[in-house]
Amino acid sequence: GAVVSQHPSRVICKSGTSVKIECRSLDFQATTMFWYRQFPKKSLMLMATSNEGSKATYEQGVEKDKFLINHASLTLSTLTVTSAHPEDSSFYICSARDEAGLNTQYFGPGTRLTVL
Amino acid sequence: KQEVTQIPAALSVPEGENLVLNCSFTDSAIYNLQWFRQDPGKGLTSLLLIQSSQREQTSGRLNASLDKSSGRSTLYIAASQPGDSATYLCAVSFTGTYKYIFGTGTRLKVLA
Chain A
1343 GAVVSQHPSR VICKSGTSVK IECRSLDFQA TTMFWYRQFP KKSLMLMATS NEGSKATYEQ
1403 GVEKDKFLIN HASLTLSTLT VTSAHPEDSS FYICSARDEA GLNTQYFGPG TRLTVL
Chain B
-14 KQEVTQIPAA LSVPEGENLV LNCSFTDSAI YNLQWFRQDP GKGLTSLLLI QSSQREQTSG
46 RLNASLDKSS GRSTLYIAAS QPGDSATYLC AVSFTGTYKY IFGTGTRLKV LA
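First to last, the sequence lines map onto chains A and B. For what it's worth, my numbering labels the leading residue of the first sequence as 1343, then goes sequentially. For what it's worth, my numbering labels the leading residue of the second sequence as -14, then goes sequentially.
Do not rely on the hints blindly, as some may be mistaken.
Stated by the list, open to error - 25 Å max Cα-Cα, derived DMTMM-like pairs, lysine to aspartate or glutamate:
#1 A/Lys1362 x B/Glu(-12)
#2 B/Lys27 x A/Asp1430
#3 A/Lys1383 x B/Glu0
#4 A/Lys1383 x B/Glu(-12)
#5 A/Lys1383 x A/Glu1394
#6 B/Lys(-14) x A/Glu1405
#7 B/Lys27 x A/Asp1407
#8 A/Lys1408 x B/Glu0
#9 A/Lys1356 x A/Glu1405
#10 B/Lys(-14) x B/Asp12
#11 A/Lys1406 x A/Glu1429
#12 B/Lys(-14) x A/Asp1369
#13 B/Lys27 x A/Glu1364
#14 B/Lys53 x A/Glu1441
#15 A/Lys1383 x B/Glu41
#16 A/Lys1384 x B/Asp69
#17 B/Lys27 x A/Asp1369
What the hints assert, rightly or not - Partial list, computed: chain A residues near chain B (C-beta under 7 Å):
#18 Cys1355
#19 Ser1385
#20 Leu1386
#21 Leu1388
#22 Thr1391
#23 Arg1439
#24 Phe1449
#25 Pro1451
#26 Gly1452
#27 Thr1456
By construction, these hints were calculated from the structure, which means they are not laboratory data. As the structure is a computational prediction, the values presented were derived from the model and not from experiment. Think of the CB as a built atom: it goes at the ideal place given N, C-alpha and C, for glycine as much as any other residue.
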């Protein structure tokens, strides 16, 4: 089956630094990817829709200047958490939509961010 | 507003029991519905995907049904095992956007 990877799988950083998370579709092209966030013991919440070659669409309440999304190629989307603070600590999961495969979405394994 | 809810929030059963997890959604214009399993501290494992034109899908001891008109899906787990202990998430992809809205999850514990 289709595979989506995320890098890094785990990151610990100091408050005030920026962290970049990569989401790659390994064996299919994805013009659309999605970024989700999961707080401890909670469900996943959609943050934004990443569109290849255009601006991301953010969900209500998500700060676009805080969470920068770049979808520069058909297989890569990046999420940059700028000036991270402890409240940004969370589990971030991406998914990629395979337009050639019944629009099935495949989810990455997630990235655990801890901001000290 | 498109919402997805799951009941019960938590469930504890003895090994061997058959059980049903419920998922409800507010908008019937769905593209597909997917059930996931999530172990503590881990990512998502896709269990079953039901397209909007389908009524059910089966995989081993798992059976998922979909009733769009009533906005409901159920996940049936037969002969539960301790290894089934996890959080089960229902996610609905609505027509037009393809983005998934996740349910609140059901934490299942199967006792040996």
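Each hint, compared with the structure:
no.	hint	in the structure
1	A/Lys1362 x B/Glu(-12)	violated (30 Å)
2	B/Lys27 x A/Asp1430	holds (18 Å)
3	A/Lys1383 x B/Glu0	holds (24 Å)
4	A/Lys1383 x B/Glu(-12)	holds (19 Å)
5	A/Lys1383 x A/Glu1394	violated (32 Å)
6	B/Lys(-14) x A/Glu1405	holds (20 Å)
7	B/Lys27 x A/Asp1407	violated (28 Å)
8	A/Lys1408 x B/Glu0	violated (46 Å)
9	A/Lys1356 x A/Glu1405	holds (20 Å)
10	B/Lys(-14) x B/Asp12	holds (8 Å)
11	A/Lys1406 x A/Glu1429	holds (16 Å)
12	B/Lys(-14) x A/Asp1369	violated (34 Å)
13	B/Lys27 x A/Glu1364	holds (18 Å)
14	B/Lys53 x A/Glu1441	holds (23 Å)
15	A/Lys1383 x B/Glu41	violated (29 Å)
16	A/Lys1384 x B/Asp69	holds (19 Å)
17	B/Lys27 x A/Asp1369	holds (23 Å)
18	Cys1355	violated (19 Å)
19	Ser1385	holds (5 Å)
20	Leu1386	holds (4 Å)
21	Leu1388	holds (6 Å)
22	Thr1391	holds (6 Å)
23	Arg1439	holds (6 Å)
24	Phe1449	holds (5 Å)
25	Pro1451	holds (4 Å)
26	Gly1452	holds (4 Å)
27	Thr1456	violated (12 Å)
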